[in-house]
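Novice: Given next are the chains, with one letter for each unit.
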Amino acid sequence: MRLALLCLLFWLLSGAQAAVVTQTLRPGIVASASYLVGDRDKPAVLLLHGFLQTREFPTVATLAGGLHDSGYTVLSPTLSLNIPMRAQSLACEAIHKHNLGEDVDEIARWVLWLKKQGHSTIVLAGHSFGSLQLLAYLSGRPDAAVKGYIGASLIGTQIGNTLDRRMLIAQLEEQVRSTPRALVSQPLSFCRKYTSTPSDLLSYVRWDQARTLAALKQIRLQTRLIMGDADGMAGHNWIKALQHVQARMVLVKGANHFMDGEHEFDLLEHTLEFLEHIGGASAS
Amino acid sequence: MKRPVSISIKQIALALVTGLLVMVSFIGGFAAWQTRNVSRTLERSNLEAAQSELVAATERLFRRTAAQASQLARWDETRQQLVLPEYYTYWRDQRVYEGGMLNSRHTRAGLYDTLGQLLAPSPARHSLPDKLPYSVTPFEPRSWIANEDGSFIYYHAFPVYSDEAQRGLLGYGLIRVDFMAELLERENFHFIDMASVALALKPGETMSPADLGSRLAFEARANPSQASFQRIMSNTLLALFVLLAGTALIAFIVYNRVLVRPLKQLSRDIEAMQQGRFNPASTRGQGMHVTELDTIRRSLHEYQLQLRELHGSLENQNREFRSQARQDALTGCYNRRAYEEDWERFREELKHAPQGVAFLLFDCDRFKTINDTYGHAKGDRVLTIIADALVMALRANDRLYRLGGDEFATFLARTTPAQAKQIAQRCQSLIEAAAFGDIGINEPVGISIGIAFCGPSQLEHIAELPKQADIAMYTAKQPGRNRIALYGEDTERAAQTLVASRETSALFQALATPGMIEMHYQPIHGLPDRKVDYYEALARIRYNGDLIMPGAFLPVIASRRLETEFDLAVLNQVDADLESGRLPASVGISINLSAQTISRAEVVSHLLELSRHSARHPLMLEITETSLITQMAEVSTYLELLRTVHFRIAMDDFGTGYSPLRYLVDLPVDVVKFDISLISKLAHDNRAARVVADFARMMSDAGYSLVAEGVETETVLARVQELGIEHVQGYLLGRPVPLEKLAADTGELPVQAAHRA
Numbered sequence: 001m002r003l004a005l006l007c008l009l010f011w012l013l014s015g016a017q018a019a020v021v022t023q024t025l026r027p028g029i030v031a032s033a034s035y036l037v038g039d040r041d042k043p044a045v046l047l048l049h050g051f052l053q054t055r056e057f058p059t060v061a062t063l064a065g066g067l068h069d070s071g072y073t074v075l076s077p078t079l080s081l082n083i084p085m086r087a088q089s090l091a092c093e094a095i096h097k098h099n100l101g102e103d104v105d106e107i108a109r110w111v112l113w114l115k116k117q118g119h120s121t122i123v124l125a126g127h128s129f130g131s132l133q134l135l136a137y138l139s140g141r142p143d144a145a146v147k148g149y150i151g152a153s154l155i156g157t158q159i160g161n162t163l164d165r166r167m168l169i170a171q172l173e174e175q176v177r178s179t180p181r182a183l184v185s186q187p188l189s190f191c192r193k194y195t196s197t198p199s200d201l202l203s204y205v206r207w208d209q210a211r212t213l214a215a216l217k218q219i220r221l222q223t224r225l226i227m228g229d230a231d232g233m234a235g236h237n238w239i240k241a242l243q244h245v246q247a248r249m250v251l252v253k254g255a256n257h258f259m260d261g262e263h264e265f266d267l268l269e270h271t272l273e274f275l276e277h278i279g280g281a282s283a284s
Numbered sequence: 001m002k003r004p005v006s007i008s009i010k011q012i013a014l015a016l017v018t019g020l021l022v023m024v025s026f027i028g029g030f031a032a033w034q035t036r037n038v039s040r041t042l043e044r045s046n047l048e049a050a051q052s053e054l055v056a057a058t059e060r061l062f063r064r065t066a067a068q069a070s071q072l073a074r075w076d077e078t079r080q081q082l083v084l085p086e087y088y089t090y091w092r093d094q095r096v097y098e099g100g101m102l103n104s105r106h107t108r109a110g111l112y113d114t115l116g117q118l119l120a121p122s123p124a125r126h127s128l129p130d131k132l133p134y135s136v137t138p139f140e141p142r143s144w145i146a147n148e149d150g151s152f153i154y155y156h157a158f159p160v161y162s163d164e165a166q167r168g169l170l171g172y173g174l175i176r177v178d179f180m181a182e183l184l185e186r187e188n189f190h191f192i193d194m195a196s197v198a199l200a201l202k203p204g205e206t207m208s209p210a211d212l213g214s215r216l217a218f219e220a221r222a223n224p225s226q227a228s229f230q231r232i233m234s235n236t237l238l239a240l241f242v243l244l245a246g247t248a249l250i251a252f253i254v255y256n257r258v259l260v261r262p263l264k265q266l267s268r269d270i271e272a273m274q275q276g277r278f279n280p281a282s283t284r285g286q287g288m289h290v291t292e293l294d295t296i297r298r299s300l301h302e303y304q305l306q307l308r309e310l311h312g313s314l315e316n317q318n319r320e321f322r323s324q325a326r327q328d329a330l331t332g333c334y335n336r337r338a339y340e341e342d343w344e345r346f347r348e349e350l351k352h353a354p355q356g357v358a359f360l361l362f363d364c365d366r367f368k369t370i371n372d373t374y375g376h377a378k379g380d381r382v383l384t385i386i387a388d389a390l391v392m393a394l395r396a397n398d399r400l401y402r403l404g405g406d407e408f409a410t411f412l413a414r415t416t417p418a419q420a421k422q423i424a425q426r427c428q429s430l431i432e433a434a435a436f437g438d439i440g441i442n443e444p445v446g447i448s449i450g451i452a453f454c455g456p457s458q459l460e461h462i463a464e465l466p467k468q469a470d471i472a473m474y475t476a477k478q479p480g481r482n483r484i485a486l487y488g489e490d491t492e493r494a495a496q497t498l499v500a501s502r503e504t505s506a507l508f509q510a511l512a513t514p515g516m517i518e519m520h521y522q523p524i525h526g527l528p529d530r531k532v533d534y535y536e537a538l539a540r541i542r543y544n545g546d547l548i549m550p551g552a553f554l555p556v557i558a559s560r561r562l563e564t565e566f567d568l569a570v571l572n573q574v575d576a577d578l579e580s581g582r583l584p585a586s587v588g589i590s591i592n593l594s595a596q597t598i599s600r601a602e603v604v605s606h607l608l609e610l611s612r613h614s615a616r617h618p619l620m621l622e623i624t625e626t627s628l629i630t631q632m633a634e635v636s637t638y639l640e641l642l643r644t645v646h647f648r649i650a651m652d653d654f655g656t657g658y659s660p661l662r663y664l665v666d667l668p669v670d671v672v673k674f675d676i677s678l679i680s681k682l683a684h685d686n687r688a689a690r691v692v693a694d695f696a697r698m699m700s701d702a703g704y705s706l707v708a709e710g711v712e713t714e715t716v717l718a719r720v721q722e723l724g725i726e727h728v729q730g731y732l733l734g735r736p737v738p739l740e741k742l743a744a745d746t747g748e749l750p751v752q753a754a755h756r757a
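Chains as they are written, first to last, in my numbering: chain A, 1 to 284; chain B, 1 to 757.
Keep in mind that the hints are not guaranteed to be accurate.
[Said to hold, decoys possible] Not close to chain A: a few residues of chain B, all C-beta gaps over 10 angstroms, as computed:
# : residue
1 : 9
2 : 18
3 : 264
4 : 289
5 : 322
[Stated by the list, open to error] Taking CB as the label site, the calculated pair distances span:
#  : chain 1 : residue 1 : chain 2 : residue 2 : range
6  : A       : 162       : B       : 225       : 52 to 62 angstroms
7  : B       : 149       : A       : 179       : 33 to 43 angstroms
8  : A       : 179       : B       : 93        : 12 to 22 angstroms
9  : A       : 162       : B       : 93        : 21 to 31 angstroms
10 : B       : 133       : A       : 199       : 31 to 41 angstroms
11 : A       : 162       : B       : 214       : 54 to 64 angstroms
Note that these hints are calculated values from the structure, not bench results.
By construction, the Cβ of each residue, glycine as well, lies at the ideal position given by its N, Cα and C atoms.
Sequences and hints are given; from them, build the entire structure.
Specialist: Structure below.
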């Protein structure tokens, strides 16, 4: 009952102040984002959705609303995945004509967009695969305005249990050479049949748990991982691995991968706590 | 009243059965007609349902296609293809189906750029136009139906925008639907026979979906319930008809066996009864299935037996009655009825077997006098004796018929005139020898026999035999004859017969025509001065200028019983003569009357009227003593009455009758007229003359006034005068003369003329 009332409140408030912003990423590809303007003194949060989802995914939308309510500016883009004004979750079986590089590029474009809006302190927050895509962005040449990273339910690229990743990568690399335009289908993340070109698929497949941990280890930003100890998709080994690399991590008891239900408050609480910390640090 | 036409019971049964079948046929026909109406209504409803079903199906198809178009237009992957069409065919052939945008193999989708060019050629099997044939207005989809090689394809084109706000046109989408296949596969038709669905669209021609209703032809699927209903109704009606027809046939057979046959048998039996051919034994053993009919049959049988017994009894009685009816009760011989029947039959037989035939007619002489004198009982006995004698005289096979009164007849077959005469003579001989004395009749009783003969070659005249025999009979009765006469034997008799016939005609004409009877007056002289005291009026008949004398017509009067009519005619004529005044005054008139007429009231009345002349002419009535007076007291009374009006009563022809003394004693007689047969005896000197003389004196002494008739000689006149008889009458002193001559002789003028003189 309490949760229902809260959702209703968030919807009313967010609906009243949200703005959809777009920018043309490539010829014919226009991407959109929800831009919630908050306190200029506080860091702006770039909040990214999970694998093939949109900014309307409940965990993300709820978190965006909560952050904005707390006075933070929140930009929630929907990755285009090379679809103009994509507004729907992209099916696993759809033709995935996009790759991790393009995703990272889109993140960079939205970071720049935020900077253009006058936000000098930017915190990147992602959920699930979005956390991985943000991590990929951070592993490259992140913008200096980016001051912090929140990875909720961070997860590496999963390829199923049927094939060894190295063999898969080798096959894909071979296909990239031999039949680069051919579509291949491969279990990826929660998709059992993910259809894409070899090169695009390869861009995601390379980010296994090891590379993810390495990237996480290499980040020089303030980092906060918020993980659920009931996250069935990540598994206990993944949590232990994260603990092994001594990542700053908050483990929410009983929360699953989507941090839904009452754990949305835990997610918001830990996010706000991290943002307050970032805000205080940037101010000092 | 017209008798209604009768029909047989079988016809009634047939009519009933036919009527029943006609009624059943009519009801069946009506039910079939109603069933047909219901079927037609159901067919119409079925057709309307089919039409509604087809319209609804096509509308659903259109709506579904429109919804698919809208979904496709909003689908991210559609927009992706319009931007990055590298894998368009994969999207077209797989993704639209995997993604749930299209869900039928008969439905295809294609994408066109903003210029309307197809992104990639489509397979031949599901070809899409390379360029959109119609300009699709942004924001407005466009659809049409085309006939492509006999297949009806429904196209729905729609615009695809970059976002929900439709700010940028990315291109166009086109959905291709195999119209008929989609309808068949997606729709579950209950009322339409899809094989009959056709679209009036020529190959290569297109049309708007709005015109679909007018171009779509279809047939409703046969409603199994309706067909079942109709089949059940037809079977039911047929079964009902067969059942009723069978029942009617069985009923007719049963009806025919139980009722018609027995009734027909009864009818045949009754008809046989009517025709007298009924055999009770033939139906005795045949039982009937219906109690009432069996009762009727048994009753009929018993009735028939009783009827037969009764019929036998009636036949016996009838035979007896017939015999009695043909037999004369008095004499035992055949009667007139038998005569007529036998004579007719005999004439018929003669046509086939010609032979000589003699007809004999017998008549008893003076039988009436005998009857009147001796009474009917004696008369009957006389007839019986005559009949017995005649039967004995006839041949064995000859039949004697009593025609009436004392008249008998017989007809003799295979005979000749001589044989007939011989038989007639035998008859007379036997009658003469008959013992009439045994019954107290001493007078001779004879018969007159008239014979008519017809030879085998003259049978065409056989019908004349009775009449000829009658004429011969008349001839035989003439005085001086030997009482047997054969018709046509000689000319004399024929002439007499002719005269007789003429006199008969004259008599009847005279009775009907006043004036034909002419009175002649013969004087009656008083003695001794021979002065004429009376004239006796004597009747004659003037016929064709000839004068017919009483001897000729009196027998006719007697035989025809015309006494009263004749006497009345005489009285009329005498009255006329008296009225004329041509008779000498103070001379009496004596009038002859038969005794029978005296008792007739009209005669007496006429006499009373005639008495008005008594002052000028004393009147006297002469009653013939030979005539029979049966009603003695009544006649005596009338005579007494007439005496009071000054009529004198005379007994005429005294001495020729049967009982003169009785008349003299019982009747008020004033005058006795001695017959000529007595007066003529006075001419001789013998015992008869003495008896007559003594009798005349005795009568005179008794106070009777006497008249001598037939005085023709002076001798007789002298003798009459000697005996003291007061009046005489005869040719000696005067013959009868007609009135004209009398008036001329006496110088009498008619009364009127005398008065004038």
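Novice: Hint by hint, say whether it matches the structure.
Specialist: Hints and how they fare:
no.	hint	in the structure
1	9	96 angstroms, holds
2	18	84 angstroms, holds
3	264	100 angstroms, holds
4	289	95 angstroms, holds
5	322	137 angstroms, holds
6	162(A) with 225(B): 52 to 62 angstroms	58 angstroms, holds
7	149(B) with 179(A): 33 to 43 angstroms	37 angstroms, holds
8	179(A) with 93(B): 12 to 22 angstroms	19 angstroms, holds
9	162(A) with 93(B): 21 to 31 angstroms	27 angstroms, holds
10	133(B) with 199(A): 31 to 41 angstroms	40 angstroms, holds
11	162(A) with 214(B): 54 to 64 angstroms	60 angstroms, holds
The structure agrees with every numbered hint stated previously.
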